[in-house]
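Q: Mapping the sequence shown onto my numbering, position 13 (from 1) lands on 17, and the numbers just tick up by one.
For the record, the hints were derived by calculation from the structure and aren't laboratory data.
Computed from a prediction, not measured in an experiment: that's the story for all the values here.
Built from N, CA and C at the ideal position, the CB exists for glycine as well.
Please note that a few of the clues may not be correct.
SDA-like mimics (lysine to any residue), calculated; alpha carbons at most 25 Å apart, straight line [unchecked claim]: (1) K13 <-> V61; (2) K64 <-> S84; (3) K64 <-> I27; (4) K72 <-> T62; (5) K48 <-> L16; (6) K48 <-> T7; (7) K64 <-> S34; (8) K48 <-> I78; (9) K72 <-> G17; (10) K72 <-> I36; (11) K13 <-> S84; (12) K64 <-> S32; (13) K48 <-> H37; (14) K81 <-> D53; (15) K48 <-> Q6; (16) K48 <-> A19; (17) K81 <-> Y20; (18) K13 <-> D63; (19) K81 <-> P69; (20) K64 <-> H37; (21) K48 <-> I8; (22) K81 <-> T62.
If you anchor each label on the Cβ, the simulated ranges turn out as follows [unchecked claim]: (23) G17 <-> F80: 33 to 39 Å; (24) G17 <-> Y50: 15 to 21 Å; (25) I57 <-> S29: 14 to 20 Å; (26) E73 <-> Y50: 20 to 26 Å; (27) A82 <-> G17: 22 to 28 Å; (28) G17 <-> N54: 35 to 41 Å; (29) S84 <-> I27: 31 to 37 Å; (30) D63 <-> S34: 15 to 21 Å.
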Amino acid sequence: MQTIFIFCKCELGAAYNVADEAILSVESISEIHSISGEHDLLIKAYLSDNTDIGHFVTDKIQTLPGIKETFTLIGFKAFS
Numbered sequence: 005m006q007t008i009f010i011f012c013k014c015e016l017g018a019a020y021n022v023a024d025e026a027i028l029s030v031e032s033i034s035e036i037h038s039i040s041g042e043h044d045l046l047i048k049a050y051l052s053d054n055t056d057i058g059h060f061v062t063d064k065i066q067t068l069p070g071i072k073e074t075f076t077l078i079g080f081k082a083f084s
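Build out the structure end to end from the sequences listed, making use of the hints.
A: Printed below as a string of structure tokens:
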């Protein structure tokens, strides 16, 4: 299982619509947070080991209406 975090910049006023659309249409998304700072949304997704991260981000996230820019981080290990 691969864990990725995608920071998204949205068109002005579109963050909530983008979040609603993403959570409904992208199955691998675990959580979406509205955040402050340089980005508008933080998306957490779990992908199977054979899923290409680049294709997932460009095909499933960057094509959502209202997304202007993304920045992706790959998680290595979760600590509790």
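Q: Confirm or reject each hint.
A: Hint check results:
1. K13 <-> V61: holds, 14 Å
2. K64 <-> S84: The given pair, whose Cα atoms are some 29 Å apart, is violated under the 25 Å limit.
3. K64 <-> I27: holds, 11 Å
4. K72 <-> T62: holds, 12 Å
5. K48 <-> L16: holds, 22 Å
6. K48 <-> T7: Since the Cα atoms of K48 and T7 sit roughly 7 Å apart, the hinted pair holds (cutoff 25 Å).
7. K64 <-> S34: holds, 14 Å
8. K48 <-> I78: The given pair, whose Cα atoms are some 10 Å apart, holds under the 25 Å limit.
9. K72 <-> G17: This hinted pair holds, its Cα atoms lying about 12 Å apart.
10. K72 <-> I36: Status holds; Cα separation ~16 Å.
11. K13 <-> S84: violated, 29 Å
12. K64 <-> S32: holds, 10 Å
13. K48 <-> H37: holds, 9 Å
14. K81 <-> D53: Cα-Cα ~14 Å, so holds.
15. K48 <-> Q6: Status holds; Cα separation ~11 Å.
16. K48 <-> A19: holds, 15 Å
17. K81 <-> Y20: Status violated; Cα separation ~29 Å.
18. K13 <-> D63: holds, 16 Å
19. K81 <-> P69: violated, 31 Å
20. K64 <-> H37: holds, 17 Å
21. K48 <-> I8: With Cα atoms ~6 Å apart, K48 and I8 stay inside 25 Å; holds.
22. K81 <-> T62: Holds - the C-alpha atoms of T62 and K81 are around 24 Å apart, at most 25 Å.
23. G17 <-> F80: 33 to 39 Å: holds, 35 Å
24. G17 <-> Y50: 15 to 21 Å: Since G17 and Y50 have Cβ atoms about 29 Å apart, the given range 15 to 21 Å is violated.
25. I57 <-> S29: 14 to 20 Å: Once the Cβ atoms are compared, 18 Å apart, the range 14 to 20 Å for S29 and I57 holds.
26. E73 <-> Y50: 20 to 26 Å: holds, 23 Å
27. A82 <-> G17: 22 to 28 Å: violated, 34 Å
28. G17 <-> N54: 35 to 41 Å: Holds, at about 37 Å.
29. S84 <-> I27: 31 to 37 Å: violated, 25 Å
30. D63 <-> S34: 15 to 21 Å: With a Cβ separation near 18 Å, D63 and S34 satisfy 15 to 21 Å, so the hint holds.
Comparing the model with each earlier hint shows violations of hints 2, 11, 17, 19, 24, 27, 29; every other hint is respected.
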